[in-house]
Every structure is written in C-alpha cells, then in structure tokens.
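Mind docking chain X on chain Z? Use the hints.
What follows is each chain in one-letter form.
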Amino acid sequence: MHRFANPNRFLKIADRMMPWAFGLMVLAFGSGLYLALLGSPPDYQQGETVRIMYIHVPAAWMALFTYTTMAIASGAALIWKHPLAVLSAKAAAPIGAGFTIICLATGSLWGKPMWGTWWVWDARLTSVLVLLFLYLGYMALINAFDNPERGQKAASLLAIVGAVNVPIIKYSVDWWNTLHQPASVVRLDGPAIHPDMLWPLLIMIVAFKMFLIVTLIIRIKTELAAARLRNVQMSLQDS
Amino acid sequence: MESLSTFLDMGGYGGFVWSAYGLAAFILIGLAIQSLVTLKHTETMLQQVRAIRRETSDE
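Protein sequence lines correspond, in order, to chains Z and X.
The numbers in my numbering rise by one with no breaks, and the one at position 167 of the first sequence is 163.
Just add 20 to wherever you are in the second sequence, counting from 1, and you've got my numbering.
Don't read these hints as lab results, they were simulated from the structure.
All values reported here derive from a predicted model rather than from experimental measurement.
Every clue listed holds true.
Label pairs and their calculated CB-CB ranges:
hint : chain 1 : residue 1 : chain 2 : residue 2 : range
1    : Z       : Arg224    : X       : Gly31     : 52 to 62 Å
2    : X       : Ser23     : Z       : Asp192    : 12 to 22 Å
3    : Z       : Gln177    : X       : Ile49     : 27 to 37 Å
4    : Z       : Ile9      : X       : Ser25     : 47 to 57 Å
5    : Z       : Ala140    : X       : Gly50     : 21 to 31 Å
6    : Z       : Gly19     : X       : Arg74     : 31 to 41 Å
7    : X       : Leu28     : Z       : Ala140    : 39 to 49 Å
8    : Z       : Ile189    : X       : Arg73     : 50 to 60 Å
9    : X       : Gly34     : Z       : Gly19     : 23 to 33 Å
10   : Z       : Ser180    : X       : Arg73     : 52 to 62 Å
Some but not every residue of chain Z turned toward chain X, in silico, with C-beta under 8 Å:
hint : residue
11   : Gly43
12   : Thr45
13   : Gly94
14   : Ile98
15   : Ala101
16   : Trp106
17   : Phe207
18   : Leu232
Yeah, the Cβ is synthetic: ideal placement off N, Cα and C, and Gly gets one too.
So here's chain Z without its partners, still in its complex pose (with noise of 0.2 Å):
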C-alpha cells in the first residue's frame, strides 16, 4: 500500500502502463463499436434499440466501479492520511459523473422507444440519479473550503457514506418492482444473454475502463502538479 503512496513512484508506473492502457482502449472502442453497430443481431423484442445497451450498461458498471473505488480511496486517505489517496479520489469524481450522466442519459433514449417512458421514479433510476448528486456533491465540497485539508476531509467522509448507495443500485432490481430489467450478465446461473451481444458488451466495458484508467492518471498527474504548484507559490510567499 505505501509503496504505491509514494507520488514518484506512481508516476513512474502510471507512465509505463500509459501506452498499453491507450493501445487496449483504441482497440476495444474500434472492435466493439464495430461488434456493437454492425456486427450484432438485433434483439428479438427490443430491434436495433438493443444497441443502445452496449454504451448504457459498461456506462453503468463504471460509473459503480468508479464511485467504489473513489470511496475506497477515500478510506484510505482518512485512516492513513495519504496524499495521493485524497487526490485520486478527486481525480476519478468528474469522470465518475461523466459516466453516471452517460448511464442515465443513454438509459432515458432507451427507456422512450421501449418503455414508453424518459423516465420513472423507480429504485433503480432513483438511485442512480442520487449517485450522480454524490458525485456532483463530493467535488462541490471538496472545493468549498479556503483550507484544502477541511475540504478533503468533509469530501472523503461524504464519499464513505455514499457508498451505501452502491449495493442498493446492484441489488435495486431484485428488491423492488420496476420497468427494468434485472441483471442478465453477472447471475448465479451464468449470463442469461447470447455470446454475439455478450462479447461487444464485454469488449465495450474493457473500452470504458480503459478509458477510465487513461484520463484517471491524467488527471492524477494534473492534481500531483498543481500540488506542487502550491508549494512552490507558498515558498515563493515566504522568501
């Protein structure tokens, strides 16, 4: 855990693993749009609107995962006071949000043709739209105070709190009624969908969190240097 907690050491890292997680995204995004927009059925009741899927559920999962790991890092910025645990998790919010608007926006576009419907206030749709406001709220608050570590603190803690709403989104389908659809991917019994949806949705979900991993060390390094900014400008004061 420190050895990774130590900036120039991430730095490091994240240049090696850049190129690969770059190349990996390129291929993913160009084999499974393809997969996704041509190179799969249509759905038996849904048409061509099943395509919307491939963007929507690895939109999603992301957006779960990135708030997961986000809360996470959040913990560990509070128990072990480690610069570069605070920074991560501001560094994954926006493109956390960014995931969640995709999920809902692209869940409305599916949810007008096949439900009849932009929208129901059911568990799941609910829940994630609290799960974009945790998003919007954690990178308001952490921005709010004139003292940085007042800010991290408050975001971190409303972070950890917020993750009660992650198993609530998961499970949202099978506790409560709704017009969606329950999980069909990861179940007990093995996916309940044909391997030529499953694939693209697969090779798309790679796409994502490639993608995630790509701008997530970006804007790490951005965080680590205006960091480093401060204290220049701070010694700068002083002298």
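Chain X in isolation, oriented as in the chain Z frame:
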C-alpha cells in the same frame, strides 16, 4: 447507398440510438480533452513558477 440508410435508420429508432452514441462520445471526448488541457496548463504554470524561484534564489 441503401444499406447505409438502413444502417442509419436503425429500424426506425435511429434518432434514439444515434443520440445515445453521440452523447456518450461528446462526454467522453470532452472529459479527455479537458483533462489533457488542464494537465498541460498546470505543468506550464509549475515550470514558470519554478523558473521564478530559481531567479529569486540566485539574487
């Protein structure tokens, strides 16, 4: 040409499907560009401030 228009039409749902893909592309590309521009901006500022510090410590 007919196959292209069938492709774009998406069985009559083209508006929904392409809006979804377009919006996702807009947000992801926007995030990537904003992240890169902010990194470059912050690194340039850091270099400038470090140069100032070097000058002031030389005096």
